[in-house]
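As a plain string of letters, each chain reads:
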Amino acid sequence: MSGRIRPKAVLLFALALVLAHPAFAQSHQRKHPHELAPVSGMVCIPGGYYRPFYIVKGIDSVWISTYHMDARAVTNGEFLEFVKTNPKWSRSRVSPMLAEKGYLKAWQSDFEIGNNALVNAPVVNVSWFAARAYAAWCHKHLPTVAQWEYAASAPIVEPVRATARAKQSLILAWYSKPMAKTLAPAGTVNENAFGLRDMFGQVWEWTDDFSSVIVPGDARGTSGGPAVCGAGAIGSIDPTDYATFMRFAMRSSLKANYVVDDLGFRCVK
Amino acid sequence: MKTYTILICAFCAFALSSCSHERTGSAAVDAPNAPTTIARSAGSIYDVDMMFDDQNGEHISWQSLKGKVQVMAMVFTHCQATCPMITYEIKHAEGLLQESVRNNVGFTLISFDSKRDTGAQLRSYSDAVHLDDHWQLLHGSQEDIQTVANLFDVKYKELPTGDFSHSNVILVVDQQGHIVFRREGIERNPEQIAAIIKSLQ
Numbered sequence: 502m503s504g505r506i507r508p509k510a511v512l513l514f515a516l517a518l519v520l521a522h523p524a525f526a527q528s529h530q531r532k533h534p535h536e537l538a539p540v541s542g543m544v545c546i547p548g549g550y551y552r553p554f555y556i557v558k559g560i561d562s563v564w565i566s567t568y569h570m571d572a573r574a575v576t577n578g579e580f581l582e583f584v585k586t587n588p589k590w591s592r593s594r595v596s597p598m599l600a601e602k603g604y605l606k607a608w609q610s611d612f613e614i615g616n617n618a619l620v621n622a623p624v625v626n627v628s629w630f631a632a633r634a635y636a637a638w639c640h641k642h643l644p645t646v647a648q649w650e651y652a653a654s655a656p657i658v659e660p661v662r663a664t665a666r667a668k669q670s671l672i673l674a675w676y677s678k679p680m681a682k683t684l685a686p687a688g689t690v691n692e693n694a695f696g697l698r699d700m701f702g703q704v705w706e707w708t709d710d711f712s713s714v715i716v717p718g719d720a721r722g723t724s725g726g727p728a729v730c731g732a733g734a735i736g737s738i739d740p741t742d743y744a745t746f747m748r749f750a751m752r753s754s755l756k757a758n759y760v761v762d763d764l765g766f767r768c769v770k
Numbered sequence: 192m193k194t195y196t197i198l199i200c201a202f203c204a205f206a207l208s209s210c211s212h213e214r215t216g217s218a219a220v221d222a223p224n225a226p227t228t229i230a231r232s233a234g235s236i237y238d239v240d241m242m243f244d245d246q247n248g249e250h251i252s253w254q255s256l257k258g259k260v261q262v263m264a265m266v267f268t269h270c271q272a273t274c275p276m277i278t279y280e281i282k283h284a285e286g287l288l289q290e291s292v293r294n295n296v297g298f299t300l301i302s303f304d305s306k307r308d309t310g311a312q313l314r315s316y317s318d319a320v321h322l323d324d325h326w327q328l329l330h331g332s333q334e335d336i337q338t339v340a341n342l343f344d345v346k347y348k349e350l351p352t353g354d355f356s357h358s359n360v361i362l363v364v365d366q367q368g369h370i371v372f373r374r375e376g377i378e379r380n381p382e383q384i385a386a387i388i389k390s391l392q
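Protein sequences, first through last, are from chains A and B. Throughout, my numbering is defined as the position within the first sequence, counted from one, plus 501. Throughout, my numbering is defined as the position within the second sequence, counted from one, plus 191.
Mixed in with the good hints, there may be bad ones.
The calculated DSBU-like cross-link candidates involving lysine-lysine, where the alpha carbons are at most 30 Å apart (straight line), are [unchecked claim]:
#, chain 1, residue 1, chain 2, residue 2
1, B, Lys-259, A, Lys-602
2, B, Lys-306, A, Lys-770
3, A, Lys-602, B, Lys-282
4, B, Lys-306, A, Lys-756
5, B, Lys-389, B, Lys-282
Honestly, the hints are just simulated from the structure, not real lab data.
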C-alpha cells in the first residue's frame, strides 16, 4: 500500500480544470471571532461561515462556532501512550471489526514503535474507531468535515505564502506524488494562516462524520435499488475545486475500520 | 494499493458526478444480480460499549442484543420514503418464520433521529405498524448512532428539515455479533432474509 493516485492523465485533467477556472471562492468569512481560553498544542479557530462543498437544498452556509484544533497531526509517540493505557487498542488485541489488518503496521510490536524516526511523525494506519477512541481519551473529538475544511481553507503562509491558486497546485502536486517513505516530524509542513501545520503535505486526516459524505455517485445500491433515501447533494459549489473534491471522494470511499498508509488524524476541542 | 484504488474510485466518481448531477437519488437498476451476502465479518459488532433506550423506556446495553440472531436496520420514524419499506420487508421476513425460529430472533431498528425519536415516539410507531415483542426500537446519543452507522457501513446526513439522507441497509447478525448478511438498496426480498435467518439456527 504505497500509492496515491499517480496517472499523469488524472493530474493533467485536474490541473486543466483548476487553470481553466481560477476563481476559488473563499469558503469562510470571519465574524465576531472570540477567543477561547488557550489550550496547549491547540490553535483557536475563530468562528465563521462555511459553505459546504456539496450543496444540499436548504443549506447555503453553516455557522461554525469557535473551536480549538490540534496545531499538528497526532504522532506515533502520542498514540503509543494511548495504546499503553488502553491495551485493547494494541495491535494484537484490537477487534478486526474496529481496525482491519495492517493497523499500526509500521510499529515493531504492540507497545514498541521501534524506529526513532517514527516517534514524532504523524501516526497512520489507524482506523476511525481508533482515532475516535484516542480523541475521547484526550477529552477531545475528531473534527467534523465542516470544521476540518473550514480550518483548511485558510491560506498557506509558511514556508511560502501561497495564493489560492498556488495552494491548489501545491495540494494537487502532493496528492499526485507517491507517499514519502518516511514522513517528516508532525508540525513541520505547510503552516496556514490559522497557525495549523500539516493540513496538507503529509497525511490525509480522518473526520468525525466522514460517513455523512454522500457524493452523487453513491446514490445507488449494490442490489440496484435506491441505496440512499432522501435528498442527496445536488452538486458541488465549485466543480473545479478538484483538490477539495478529492478529499470528499476519499472520505466517501472510506469505511470506519479501514487503515491506510497515509491517513492519520488530529483532534478538536 | 488501497489508497490507489480509493482514489481511482474517487476519480471515477468525479467523472460521473461532473457530467451527470441529475443522477442523484435516481434508482439505477444496472446491477440486479450483484451479490448481497458478505462473508461472516471478522470481529463482532458487540466489540463496542454503547447504551440505548428502547420503545418501552428500558435502558439497555448494546451487548444485551448478543445471543440471538438479529435482523437490524437504521431508520427514522418520520421517514416518508424508504424506511417504511425497510420495516415492512423485515416484518414480512418475520412472518415467514416458524414460531420456534422466531423466538430465537431479534428484530432491531436503530433510529437516526436522536431528537424526535424518543421512546414514546418509537412506541407509537411500533404500535402503528403492529410490531410484536420480538422487535426493539432503539434511540441513543448522536455519538452512538454514528458508531452504529459506521459498524453497519451506513452513510447518513441530517438535513435542514430534520429528516435524514441515509443508505438503505438491512443486516443479519449472528448470535456472536458477526455480520453474516448485509444488503444495500431496496429489494423487497423477505424470502432471502428469512432463508439467512433459518440457516443460522
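Going down the list of hints, with the structure as the test:
no. : hint                     : result
1   : B:Lys-259 with A:Lys-602 : 28 Å, holds
2   : B:Lys-306 with A:Lys-770 : 23 Å, holds
3   : A:Lys-602 with B:Lys-282 : 36 Å, violated
4   : B:Lys-306 with A:Lys-756 : 26 Å, holds
5   : B:Lys-389 with B:Lys-282 : 15 Å, holds
Hint compliance for this structure: hint 3 alone is broken.
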